[in-house]
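**Student:** The residues making up each chain are set out below.
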Amino acid sequence: MATLQYRVIPGRSLTYWMALSLCGLLSAVGFLSALYMRAYGHHVTGMNNQIVWGMPHVFAVFLIVAASGALNVASIASVFGRSLYKPLARLSGLLAIALLIGGLWDLVLDLGRMGHILNAVLYPNFESIFAWNIYLYTGFLVIVGFYLWLMMERRLNHHSHKIGMVAFLWRLALTTGTGSIFGFLSARSAYDSALLAPLFIIASFAFGLAVYLLVLITGFWVLGRPLGLRVVTRLKQLLTVFIAAVLYFVTVYHLTNIYMAGHRGVEAFVLLHGGVYTKLFWGGQILLGGVIPLILLLSRFGRRAGVLALASACVVLGGFAQIYVLIVGGQAYPLQMFPGMIVHSSFYDGVVHPYLPHLPETLLAVSGLGVVGLIVLLGVRLLPFLPQSLADQVVDVHGHGDKAVADQAVASSP
Amino acid sequence: MKDQHAPPPVDTSSRKDEEIDPTRRRLLAMAGGAVALSLAPGVTLFARTLSAGKSAGGKAARASVRYGLLIDANQCSSGCDACVRACQRYNGLSKEDGPDNAQWIRKVTVTDPQTGFTRSFPVMCQHCAKPACVEVCPTGASFRRADGIVLVDKHRCIGCRYCLMACPYKARSFVAHDVTDQKPWAPRGKGSAEGCTLCVERVDKGGIPACVAACSSQGKKVMLFGNLHDPQSPIARRLAQYPTTTIRADLGMEPGVHYRGI
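Chains as they are written, first to last, in this note's numbering: chain A, 1 to 414; chain B, 1001 to 1262.
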């Protein structure tokens, strides 16, 4: 029986340094872009008083939602006792932290007055779900950090399931809070739904696992570490279920809205004649993010790591489309101040608002991905997050396989 | 006899592998130092701000008063925008109508598609009793005075724009440009949210908002300002006299701005 070992990556290859440099460059450009927006004002962006939240928020919400979902792999191991997922848990925790920091990076740097950010801590308004989210996010970072420590410190390893349970419950609260940022906005037809919180939770399962799979498969392929069929098959099955669940919740969300006469306008906008939003909904969210990955995963090629990575990439792209349609499309559809009436004003009442993302906010948005990449690349270089092998003879299938799997942290370079 | 509580034997082979190499130790130490350096100014500022907050004070607004407006759309002509121009002039707002520019008050034209009946009337912050902008603001920068006037504390606002997302009346604006021609009574700031203040400094001196004054000076009787809680005030008497409504009353925010004829 082979022994499960975690090893830091050598980090000496050209590929590693190129990836690190690219992520660093992305982050730096995004930061400079934020300073530019701060210096000249948000009029240099495509966002305005009609489309209030744009690209930085799309990326931020996607990354934050994916962060909580990325932790699922660790939760399955700790909370539900599935031992096959145990070797995957450390990377799950690292990704969760990296994705959340990347999302917060986008969110904070887009603030009109980021220098005042401390006010959110000094004067919290607990009527605001936004204020609650600040604590949910920072708490998540602390809890997952602690969880990782317990997972990586062999002497404390047996306590990890307790903190794993706390982390699991916390992540459910976090995603509920993020969904409620929109769900509590009763004024806007696209958001006014209690279904957004559970929809965000199930979407986080799919987005987070898809990002996790992309990192795992790409990483193992680049490092030349073996990835067995057992792990691939289990994760493939999990992703399939999550994608189907997202499609189900999206269907229920739209059917509920269609049933309510007051929301039929926004439904017709998104589903039928919303231009770019309709295209993104059907082409991006449903086809690319749902149907195509399902076909790929359910096909006879679905157990190939490359196909699983491709399906995961589709889910990620579809996820971005889903968040874009919700956030930007939800604002593009005019506020219903006088339902059923034709409304005009100098402040663009009653008209569909156009939004063309400009370079500054797009660079800031994409830089969140750079931050995620930086944290992951430095993390796997400095600490043993990645197993040396996930070959079938190494992983234990929920106690039914060989019992002799022993965690052995090997911090030195191979 | 072997001690049952003795610690398990240490696997020295793996322990050797776990030793942190000096480069990694230095990197981790540098990271720790960077975190400490980042947190120190924040902690100091936190302490200073707390002590400063204790000395803050001011004259409180009275809860016995609820300021509000009555707008008679029957009297408002579509070609008149005296209220809008007065607001821009008095508060130092841009006269341009770009999507980036702030509009604290605007004329809205509403047409019934079934009958063709059209009305034009001003819409501004509705100074709600249960304002969504105040509920969602993470820092409490959006606040409601005891007398019902809803304002933004520019020092507290972090520019998240959640209030713009939440307001059903599109009454909040975000300052996206450098601010010029600021008025001392209407401080503004790039990167923060803002909206109609009901000309609070005029009201505090016993005056009426600039838009209401401009409407009256045109010889119109469209806008009436006053204390909704005083049954003897002209606005309260009119509200008791004929049917009025509020915009999106279904949302339950209890606006302080009432309309007739919409």
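Where hints are given, some of them may not hold.
[Said to hold, decoys possible] DMTMM-like, lysine to aspartate or glutamate: derived pairs with alpha carbons at most 25 Å apart: (1) 1190/B <-> 349/A; (2) 1095/B <-> 1230/B; (3) 1130/B <-> 1181/B; (4) 1154/B <-> 153/A; (5) 1130/B <-> 396/A; (6) 1220/B <-> 1230/B; (7) 1221/B <-> 1204/B; (8) 1095/B <-> 349/A; (9) 1221/B <-> 1178/B; (10) 1220/B <-> 1201/B; (11) 1130/B <-> 1153/B; (12) 1130/B <-> 349/A; (13) 1190/B <-> 1100/B; (14) 162/A <-> 396/A; (15) 1221/B <-> 1072/B.
Rather than coming from a laboratory, the hints here were simulated on the basis of the structure. Everything numeric in this text was worked out from a predicted model, so none of it was measured.
**Student:** Could you run down the list of hints and mark each one as holding or not?
**Tutor:** Verification of the hints:
Among the hinted pairs, residue 1190/B with residue 349/A is consistent with the structure: their alpha-carbon atoms are about 24 Å apart, no more than 25 Å. A threshold of 25 Å between alpha carbons decides the hint, and for residue 1095/B with residue 1230/B the separation of about 36 Å lies outside it, so the pair is violated. With a CA separation close to 33 Å, the supplied pair residue 1130/B and residue 1181/B exceeds the 25 Å bound. For the hint linking residue 1154/B to residue 153/A, the alpha-carbon distance of about 47 Å lies beyond 25 Å, and the restraint is violated.
Distance restraint check for residue 1130/B and residue 396/A: the Cα-Cα separation of roughly 57 Å exceeds the 25 Å cut-off, and the hinted pair is therefore not satisfied. A hinted pair counts as satisfied when its Cα atoms are at most 25 Å apart, and residue 1220/B with residue 1230/B qualifies at roughly 24 Å. Simply put, residue 1221/B and residue 1204/B have alpha-carbon atoms about 23 Å apart, close enough for the 25 Å limit, and the pair holds. Proximity of residue 1095/B to residue 349/A is assessed by CA-CA distance (about 18 Å); at most 25 Å being required, the pair is judged to hold.
The hinted pair formed by residue 1221/B and residue 1178/B fails the criterion: a straight-line CA distance of about 36 Å is larger than 25 Å. At roughly 24 Å between alpha-carbon atoms, residue 1220/B and residue 1201/B fall within 25 Å of each other, so this suggested pair holds. With a C-alpha separation of about 18 Å, the suggested pairing of residue 1130/B with residue 1153/B holds against the 25 Å cut-off. Annotation: proposed proximity of residue 1130/B to residue 349/A holds, straight-line Cα distance about 23 Å (limit 25 Å).
Straight-line distance between C-alpha atoms of residue 1190/B and residue 1100/B comes to about 12 Å, which keeps the hinted pair within the 25 Å bound. Proposed proximity of residue 162/A and residue 396/A is supported: the alpha carbons are some 21 Å apart, at most 25 Å. Among the hinted pairs, residue 1221/B with residue 1072/B is consistent with the structure: their alpha-carbon atoms are about 8 Å apart, no more than 25 Å.
Hint compliance for this structure: hints 2, 3, 4, 5 and 9 are broken, all remaining hints hold.
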